[in-house]
Every structure is written in C-alpha cells, then in structure tokens.
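A.B. asks: Read off the chains here:
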Amino acid sequence: MNNLMHKNILLNCISMICVLSMLLLPLSAIAHGVDITAVPINAVEIYALFDSGQPMAGGQVTIYAPDEPLDPWLTGICDEEGRFIFVPDYSRPGMWEIKVRLAGHGDLIRLEVTAAEESVVSEAGRLSFLQKIIMALVVVWGAVGTALYFSRRDG
Amino acid sequence: MKTVVLRGLLFLLLMVGLFLFPGCAGDQVVNDQGSTETGSLLFTANGEEFIREGFICKDGWELSFDHAYVTLTSISAFQTDPPFDTEMGWEFENLVQVQVDLAGVHTVDLAAPDADPALVGEVAGVPAGRYNTLYWELILAPIGPAEGFVVLLVGTAEKDGEIINFSVGLDREVAILGGEYVGDERKGILQAGGSAEVEMTFHFDHLFGDYDEDPADEINLEALGFGPLAALAVNGTLEVSLSDLETMLSKDDFALLVAVMTHLAHVGEGHTLAVFLD
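Read top to bottom, the protein sequences are chains G and X.
Heads up, the first sequence is in my numbering, so the first residue is 1 and it goes up one at a time.
Heads up, the second sequence is in my numbering, so the first residue is 1 and it goes up one at a time.
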C-alpha cells in the first residue's frame, strides 16, 4: 500500500513538473539566433483623409498622452492609404489626442483610452509572469491535494 | 483533513480573485477643467508666410503684400467639455466651462514684419486650462487704413514682366467659430502662472491658390487665383471691392470668391465654421 501511495505521489510530482515547465518556459523557438514572439495587442488604427476623400499619404502624425498634452508621446507618418497604427500606453487612461497634418491642412481628434482596455489586452495576449506564478501555485495545490486524498484512502 | 481542504479552497478562491481582477487599483483620472489658478491669454492673428513673404498663386502671378488688414471683434476663447469640434455645429454654448472675451474692435496688419503672429490683445488673470474653442467676427473697419473693409489686401502682382499694383477689399462681415489650434506646436493650453496663445489664422492660398500644388488639388480648384483680377486692372493698377467685383467678375468666379470668404479663416490648420452676418 505504501508503494502505491509513493507511486501516486511520484506521478503527481512528474505531472506538476511537466505543467510548470510548459507554463514557465517562453513560447519561442531558437533557430539561427532568431527569436520571434507573436503577441496579440489592442492597437489603434487611424485613417486620415482630406475632405475630398483623398488619403493623407505621408501625413505627419503626432500623438499626445492625456497627462502630457504639450509634449508628443509618439510621432510617425501615414502610409499611402493615410493609415497609421499605434498602441497607446494603457497605464495612462484618459483622452488621447491624435493630430495629422499634411501640406498646410490638419486635424486633431480625441480617443478615450480606459484601463479596462488594458485588461482586455492581457486576456487576449500572453499571460503575465504573475499570472503564470499563480497558475503554477494552483496546479501545485491541486497535486498536493490529490496526494493527500490518496494517502487518506490508502491509510 | 477537512481543515486542509477548506484552507485549500480558500486559497484557490483568493488566487482566482487575484487572477480575474488585476486592475482594480491605480486608475488615473486627468481633469484639466475647474482650475482656480490663473494666467494670461494672448489673442493673436496670423496670415502666415503666404502674406509676410509673398507667394506664387495658382495661375503664376507672383504676389507680394505691403498690407493685409483684417478687422476683428467679438473675440472670445472658451474652455469646453467635451472639447469643441466643428462637426458639432454652432450649438456649443452648453459645453462652455470658461469664457474669456477680448473687448474692442481690432484692425491688424498681417503683412507687418513682426506679425508672426500679430498680437491682437492680452487678457490677464484668466483661469488656467485648455482653451479649445475660438469665436470671432470679421467686421467692416470703422476707421483707419482699412475703413469699410473686413479684409484689405494691398500689394504687387508680377507675371511675365507685367506688374499690377493692387488693392482688393472684401466688404462682407463674417462670424467664425473654430476648435483647438492645429499646427507645429500646441496653443491654447494655459498653465497656472504662465501664458498661452489662441490664434486666428488666415489662409490666403485659399483665395489665390498655390502654384506649388497640383492644379487639380482641392486648394487650387476652390481658389479664384489672381488671373481674373489681373484682367480688370487698368494701366497696371487694380483697386476694387467685393461689391465692385459682383458685376466685374463672371458669375462663377464671383461665386468662388464669396465661397472663399467662408473658408479663409482657420485656427492654425484646423478648419472653422463661418457664416455671413448680413
């Protein structure tokens, strides 16, 4: 009976180590020194057009964070379709401002960014380190609980 | 054993709670309204390089300006919440949090060398915050060099060796409403103890077009150019008003000129709403 209990505990420990390895190792491959990680994120896509409908190709984009309206947070250039994509800093919720200018014409729009969108990013994206640790602890507790359950039955 | 299982369940619940609600603390709210701190607000007007340095208009006439008078009144800057946008239309009074008025009638020469931009007036001791809406009226100058005109352009046009001295006056009054300044820098953001500018900007390339832009560009398609005016010059001189031009220009050209008066004014590069007062 003691042998059976030890086998159960051993199996549980092996399972736990496997699960921990899967959780804690980064999801990337090492090949010829390249490390590619793909992470889904909540980005903002801007389309800038003149009133005529013509894209503002090459338009100068300036983005201001809500707590720093005088200094640009990010600058960039629209593509041929008048498009520009950026990811706001979700730790700075509030009204973000986006300015696009070209050839003496320009406009400024506002976009409300909330902290809730940040949590959406976490859910849709990869797990944070804290979340991995918590999951590992939950798995460990499950393994210990299983071992204790079988040890009681064996006893 | 029951105690161990119970503790385990509590631990699991705590972990699940932490996992599901990671963002309960630390939310930041930025509010730039309601400040009791004050500063100075500078009201300025700008004809940009087109007026100060001259330019070649869409039909090849090289224009230089001795004077470009605009006469302004009923000037007010507002802090609005939410920030005003011209797409909202004229009904913005219910958005106003703070209003600052610049009293008086002001005739400003946008072609003056130091008009970069020209200071129209200053109001001290006004609430700090973001002045994101600007209203003003172009009215007939009651006195002075531009008397009788809302805009008076005086200068020289040259093309292929022909020189025309011109004086073109616009004599219809216009009310203008714009949103936040759009340009290289930010304007209208007044910090406590400091000063900030709000700018009434005039784009005269909308009137004459721009040789450097594509002829099919909107800026040129909607501009009158100088050619139709040059055709009216006598002995190298052109002195006309908008009222005169109603009978001197073709119907289409006159309609173009009238339409330009409603999109001449900007706030930086930001478009405005405009309506004739008559």
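It should be emphasised that the hints constitute simulated quantities derived from the structure, not laboratory data.
Remember, predicted model here, so these are calculated numbers, not experimental data.
Backbone N, C-alpha and C define an ideal beta-carbon position, used for all residues, glycine too.
Possibly wrong hints are sitting among the right ones.
So the derived label-pair ranges between C-beta atoms look like this [unchecked claim]:
no.	chain 1	residue 1	chain 2	residue 2	range
1	G	Y47	X	T247	40 to 48 Å
2	X	A216	G	G33	49 to 57 Å
3	G	P72	X	G89	46 to 54 Å
4	G	V87	X	V123	48 to 56 Å
5	X	A216	G	D35	22 to 30 Å
6	X	N235	G	R110	53 to 61 Å
7	X	E185	G	M95	16 to 24 Å
8	G	V34	X	T38	22 to 30 Å
9	G	P72	X	D101	25 to 33 Å
10	X	A192	G	I41	21 to 29 Å
A.B. asks: Now, for every hint given, state plainly whether the structure supports it.
C.D. replies: Structure-based check of each hint:
no.: 1; hint: G:Y47 to X:T247: 40 to 48 Å; result: 45 Å, holds
no.: 2; hint: X:A216 to G:G33: 49 to 57 Å; result: 51 Å, holds
no.: 3; hint: G:P72 to X:G89: 46 to 54 Å; result: 30 Å, violated
no.: 4; hint: G:V87 to X:V123: 48 to 56 Å; result: 40 Å, violated
no.: 5; hint: X:A216 to G:D35: 22 to 30 Å; result: 49 Å, violated
no.: 6; hint: X:N235 to G:R110: 53 to 61 Å; result: 55 Å, holds
no.: 7; hint: X:E185 to G:M95: 16 to 24 Å; result: 19 Å, holds
no.: 8; hint: G:V34 to X:T38: 22 to 30 Å; result: 58 Å, violated
no.: 9; hint: G:P72 to X:D101: 25 to 33 Å; result: 32 Å, holds
no.: 10; hint: X:A192 to G:I41: 21 to 29 Å; result: 37 Å, violated
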